[in-house]
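If you read the protein sequences in the order shown, they are chains A and B.
Counting from 1, one number per residue, gives the positions in the first sequence under the working numbering.
Counting from 1, one number per residue, gives the positions in the second sequence under the working numbering.
By construction, these hints were calculated from the structure, which means they are not laboratory data.
Beta carbons are placed, not taken as given, at the ideal position from N, Cα and C, and that holds for glycine.
It cannot be assumed that every hint is accurate.
Straight-line distance between alpha carbons at most 35 Å, and here's what the computed DSBU-like set of lysine-lysine pairs gives [to be verified]:
1) A:Lys628 - B:Lys196
2) A:Lys370 - A:Lys354
3) A:Lys298 - A:Lys198
4) A:Lys628 - B:Lys80
5) A:Lys540 - B:Lys17
6) B:Lys13 - A:Lys628
7) A:Lys606 - A:Lys426
8) A:Lys146 - B:Lys7
9) A:Lys4 - A:Lys527
10) B:Lys202 - A:Lys627
11) A:Lys298 - A:Lys89
12) B:Lys173 - A:Lys540
13) B:Lys202 - A:Lys628
14) B:Lys17 - A:Lys627
15) A:Lys276 - A:Lys540
16) B:Lys173 - B:Lys196
17) A:Lys370 - A:Lys164
18) B:Lys202 - B:Lys7
19) B:Lys7 - B:Lys173
20) A:Lys146 - A:Lys276
21) A:Lys544 - A:Lys627
22) B:Lys7 - A:Lys540
23) A:Lys665 - B:Lys7
24) B:Lys7 - A:Lys606
25) B:Lys21 - A:Lys665
26) A:Lys276 - A:Lys328
27) B:Lys13 - A:Lys665
28) B:Lys196 - A:Lys627
29) B:Lys80 - A:Lys544
30) A:Lys665 - B:Lys17
31) A:Lys628 - B:Lys21
32) B:Lys173 - A:Lys628
33) A:Lys215 - A:Lys426
34) B:Lys13 - A:Lys544
If you only want the chain B side, here are some residues facing chain A, beta carbon under 10 Å, derived [what the hints assert, rightly or not]:
35) Ile55
36) Leu68
37) Val206
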Amino acid sequence: MTDKAIPPCQAACPIYTDVSGYVSAIAIGDIERAIRIIRQINPFPSVCGRICTRPCETACRRSQIDEPISIAALKRFAADQTRGLKLIKRPEHYYDERVAVIGSGPAGLTVAHDLALLGYRVTVFEEQNVLGGMLTQGIPDYRLPKDVVKEEVDFILSLEVEVKTGLSLGRDLSIEGLLKDYQAVFLAVGSQRSLLPKCNGVELSGVITAIEFLKQISRGHRPNLGEHVVIIGGGHTAVDAARTCLRLGSSEVTIIYRRTIDEMPAGRAEVDDAEKEGVNIRYLTAPVDFLGNGNVQKVRCIEMRLGELDESGRRRPVPVENSEFEIKADTVILAIGYIPEADALKDSGLILSKNGTIIVKDNTGTTNVKGVFAGGDVVSGPSSVIEAIAAGKRAADAIHRYLRNLPDKEVEEHLPLRSLDDNVVKLINKSNRQNMPTVPVEKRLDNFNEVEVGYNRNEALKEAQRCLLCGSGALVADNCAACLNCVRICPYGVPVPGREIAEIDISQCQVCGICASECPASAINLKLETREEGRAALQKVIDKARQEAPEVLIIGYYCRYKLPTSLLDDSGIYWLGKLCTGRLDIFQLIYPFELGADEVVVHMCKNEECHFRDGSRWLLTHIERAKKILDEIGMGADRLNIISEEDVSDFKKRFEVLGINPIRKREKVRG
Amino acid sequence: MIVAEIKPFGEIKDMLKDYNKVLIVGCGTCVTVCLSGGERQVELLASALRMARKIEGNEITVGERTILRQCDPEFIDQIKDEAAQYDAILSMACGAGVQGIAERFGSITVLPAMNTRFIGVSDGQGTWVEVCAACGDCILYKTGGICPVARCAKSLINGPCGGSQGGLCEVSKDNPCVWQQIYARLVKLNLLHFLKEISPPKTRPVHPRRLVREDLRLKKEQTKGV
Ligand SMILES: Cc1cc2nc3c(=O)[nH]c(=O)nc-3n(C[C@H](O)[C@H](O)[C@H](O)COP(=O)(O)OP(=O)(O)OC[C@H]3O[C@@H](n4cnc5c(N)ncnc54)[C@H](O)[C@@H]3O)c2cc1C
Ligand code: SF4
Ligand code: SF4
Ligand code: SF4
């Protein structure tokens, strides 16, 4: 395990978002810091927060204990809470070179965003009259409202990005022509041409493609599809088409998919939602013919079973003999696959695959034509928004290097922290995911309003606090005296004696902070909050308090995991939250008095409720030692007190004024 | 390792009453390992002292430093310049460290913050026990690796006193009778015959002891005639 290993969520994210960074910021209620971390790398937080395919969640180590963190939902929370907040500054100067981007989907707009911030003038050419690609033309409003996309697109445009809509590559524009005015071109025209099944009757009226159908819907059309709709396919598009049909009033909506739910490219949650809303899904079923007379009336289907693995590593569906049957269909929607539009790239000189995707040299999207780069679905075939954003980011960097004559970017390794050992897993408390609140099913089907409501603050903080903060744990410095105290006290058994100093495997550390609070050499720092950062946070609170000069200056430490912050309002106490108060070292308990505090209270939960293990017991030990010191120096041990949750709500009764801190008294007399 | 503990705070405060600028120097070796005199304790003691003196209206400036070992002059020299700015040094090392600094910086008062207790080993988290008296003539080979000089209340070296009961020492029931332990260990090791050997009485070492290892030192040039 190298020091460079990163949390698995981050390693799994195509743009390597610092997930634990923003999740831990939300865990302590610092939403602005969270969105800054996200925004720094992702121009589409609100979009990704809603519809990302979430490879991070599949990788999340919390699933070794119970369920993964709702990483995307937390991103959405951070983005929704900070709408309108201006976080990113425009560049100070601009280069002379101009860049043309063709296609305004997530890939194209990401390139525009990143290059604009680097100081390039970018023009985006878009065939349609709306920007956003599949975000606005494909994905329906009930999953991704248009205003949410618009806000993020508008921000990108505000970076002096020029837009030309209604212009199509192949029809109105050519790469050759563009290269005369622009020093680099980025192609991001997506993969929007529907594949058709080899069935008789595809030409019947009433047989339509999902993309065309959804595009129509996105333009505000509300066609009447009849009662019975059959959708062929198993991806996002199929499921979205089906749920859209329900909203248009069709009562019998059936998806037929030739494999099983396990192979289905659409997300499991989406499929669940579709079924809840009333979509029927017939797995292991394929269409044979579309039957009808002018208009489609029925689909003849055949049952399938899974056979040998095919080249994609999935088991190949094979027809079951004599299993044909028919389903009624007033409309059939085809959603079996997409390839790029051939016309756009026909005479471009670009090397294309047999599917029509652009062949690039490496993952930066460099093509065989000098100055021309490509990325997103037009290169990968239909994929996901986050992959399109990632391709955009790599290409923007490559274009910048190309234009500035800089060397290629070095290949970075993104090694994930290894999984948790079983003996650590069994020591971690279980806690289930916060459910995503949704609009009840009966209120969904007569409109296109967003179904998922998003977390409220309380839910978001709770969810964020489930994060194991992988990789934010203990680091041992060289001045370790090898006393082995950490080895003996870590509740998770992580530190071990090394050859010269203690070794702490950061992949297993649970970030409780107990070792750091007890290390006699102060040789342990947590990445989550270093000693200096902890001290600085205290100083800040005290500075604020001294400025406000309350009659009685009480500093309160509370556990962010256990104490609802609502209890903290209005108490007159200057609060400082910690992710478990067991991490407070004795200095943090006595130093406030040196700075003039009259009383220090520490919120403590019952040991069996501790988020970690042993946190409250160590707190007791620290309080006892701190009290002894306070007694010895004449400050008085009764100025340091433990309070429980009940005490906080009832605090006013509890605090008799102990008299002003003798240090402050002296200062006052003098001052 | 040498095990030490911090003196009662009142005593330290008293020692420092005539000084207004004090450098607390921690030691990064034994006393850090026994959790009593390392960087963390320096920080705590410094804050405690500042507060105590402020409360008395007699403020004190406290510097904080921890060096790797106070028993080696080269390490001590690392704080030479800094030390010169203080009226006194409060050493959080064992007695050796206190004297090490005092020896090196002859013109600054050096005061001990610790009581040096014994040469010991860890006996579980937060516990240390004395195991060696530094007698200068080790007999552990015949006592099953258990030192009666350090661990018998009476330092008997030829068997128990006769007062032990139920395996416990008659002087303090908190301690096991070490001779009982030695016996059990020798049985286990099949070395009981050692008990028949009488160990001659130990001569008390004459202080101060000094160890000069000529074999480790660069040879002096032979002077003529020697
Ligand atoms: C219904 C549906 C649901 C989906 N759901 C999800 C989901 O939940 N999560 C997820 O991650 N992904 C989802 N996807 C996939 C995701 O939308 C795409 O992978 C992503 O949008 C690809 O981005 P892109 O920028 O490469 O292309 P697109 O988003 O396809 O953008 C291409 C743009 O280029 C324009 N264009 C095309 N040809 C030309 C031309 N010749 N000249 C000029 N402009 C042109 C298009 O009009 C479009 O605006 C879904 C896709 C669909 C269709
Ligand atoms: S627990 Fe947190 S840091 Fe660890 S993988 Fe999951 S989201 Fe990432
Ligand atoms: S507690 Fe500190 S000094 Fe002791 S072994 Fe651990 S890191 Fe080293
Ligand atoms: S922070 Fe907690 S879990 Fe991590 S090594 Fe230290 S004591 Fe163990």
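Status of the hints after comparison with the structure:
Taken as a hint, the Lys628 (chain A) and Lys196 (chain B) pair is broken in the structure, with Cα atoms around 51 Å apart against an allowance of 35 Å. Taking the CA atoms of Lys370 (chain A) and Lys354 (chain A), the gap is about 22 Å. The hint holds against a cut of 35 Å. About 16 Å separates the Cα atoms of Lys298 (chain A) and Lys198 (chain A), which keeps this hinted pair within 35 Å; it holds. Of the supplied pair hints, the one linking Lys628 (chain A) and Lys80 (chain B) holds, its CA atoms being roughly 33 Å apart against a limit of 35 Å.
The suggested pairing of Lys540 (chain A) with Lys17 (chain B) holds, with an alpha-carbon distance near 32 Å, which does not exceed 35 Å. Taking the CA atoms of Lys13 (chain B) and Lys628 (chain A), the gap is about 15 Å. The hint holds against a cut of 35 Å. Our distance criterion of 35 Å between C-alpha atoms is met by Lys606 (chain A) and Lys426 (chain A), whose separation comes to about 20 Å. The suggested pairing of Lys146 (chain A) with Lys7 (chain B) is violated, with an alpha-carbon distance near 71 Å, which exceeds 35 Å.
The suggested pairing of Lys4 (chain A) with Lys527 (chain A) holds, with an alpha-carbon distance near 13 Å, which does not exceed 35 Å. For the hint pairing Lys202 (chain B) with Lys627 (chain A), the CA-to-CA distance comes to about 46 Å; that exceeds 35 Å, so the pair is violated. Straight-line distance between C-alpha atoms of Lys298 (chain A) and Lys89 (chain A) comes to about 57 Å, which puts the hinted pair past the 35 Å bound. Straight-line distance between C-alpha atoms of Lys173 (chain B) and Lys540 (chain A) comes to about 52 Å, which puts the hinted pair past the 35 Å bound.
Among the hinted pairs, Lys202 (chain B) with Lys628 (chain A) is inconsistent with the structure: their alpha-carbon atoms are about 43 Å apart, more than 35 Å. The suggested pairing of Lys17 (chain B) with Lys627 (chain A) holds, with an alpha-carbon distance near 23 Å, which does not exceed 35 Å. Distance hint between Lys276 (chain A) and Lys540 (chain A) is unfulfilled; the C-alpha atoms sit about 50 Å from each other, more than 35 Å. Simply put, Lys173 (chain B) and Lys196 (chain B) have alpha-carbon atoms about 27 Å apart, close enough for the 35 Å limit, and the pair holds.
A distance of roughly 23 Å separates the Cα atoms of Lys370 (chain A) and Lys164 (chain A); the hinted pair therefore holds under the 35 Å criterion. Only pairs whose Cα atoms come within 35 Å are accepted, and Lys202 (chain B) paired with Lys7 (chain B) is accepted, the gap being roughly 32 Å. A C-alpha spacing of about 26 Å is found between Lys7 (chain B) and Lys173 (chain B), which places the hinted pair at or below 35 Å, so the restraint holds. Restraint check for Lys146 (chain A) and Lys276 (chain A): satisfied, since their Cα atoms lie roughly 24 Å apart, inside the 35 Å limit.
Between Lys544 (chain A) and Lys627 (chain A) the CA atoms are separated by roughly 25 Å; this keeps the pair inside 35 Å, and the hint holds. Only pairs whose Cα atoms come within 35 Å are accepted, and Lys7 (chain B) paired with Lys540 (chain A) is accepted, the gap being roughly 33 Å. Note on Lys665 (chain A) and Lys7 (chain B): the hinted pairing holds, with a Cα-Cα distance of about 29 Å set against a maximum of 35 Å. Between Lys7 (chain B) and Lys606 (chain A), the direct Cα distance comes to roughly 34 Å. Compliance with the 35 Å bound is thereby established for this hinted pair.
At roughly 23 Å between alpha-carbon atoms, Lys21 (chain B) and Lys665 (chain A) fall within 35 Å of each other, so this suggested pair holds. Taking the CA atoms of Lys276 (chain A) and Lys328 (chain A), the gap is about 22 Å. The hint holds against a cut of 35 Å. Using a Cα cut-off of 35 Å, the hinted pair Lys13 (chain B) and Lys665 (chain A) holds, with the two alpha carbons roughly 21 Å apart. Among the hinted pairs, Lys196 (chain B) with Lys627 (chain A) is inconsistent with the structure: their alpha-carbon atoms are about 54 Å apart, more than 35 Å.
Of the supplied pair hints, the one linking Lys80 (chain B) and Lys544 (chain A) is violated, its CA atoms being roughly 38 Å apart against a limit of 35 Å. For the given pair, Lys665 (chain A) sits about 22 Å from Lys17 (chain B) by alpha-carbon distance, which is consistent with the 35 Å threshold. With a C-alpha separation of about 25 Å, the suggested pairing of Lys628 (chain A) with Lys21 (chain B) holds against the 35 Å cut-off. Using a Cα cut-off of 35 Å, the hinted pair Lys173 (chain B) and Lys628 (chain A) holds, with the two alpha carbons roughly 29 Å apart.
With a C-alpha separation of about 50 Å, the suggested pairing of Lys215 (chain A) with Lys426 (chain A) is violated against the 35 Å cut-off. Taken as a hint, the Lys13 (chain B) and Lys544 (chain A) pair is honoured in the structure, with Cα atoms around 32 Å apart against an allowance of 35 Å. Hint status for Ile55 (chain B): holds, given a least beta-carbon distance of 5 Å to chain A, under 10 Å. Here the hint on Leu68 (chain B) is kept, as its CB sits about 8 Å from the closest CB of chain A, short of 10 Å.
At its closest, the beta carbon of Val206 (chain B) sits 33 Å from a beta carbon of chain A; the interface hint therefore is violated under the 10 Å criterion.
Of the numbered hints given earlier, the model fails hints 1, 8, 10, 11, 12, 13, 15, 28, 29, 33 and 37; all others are met.
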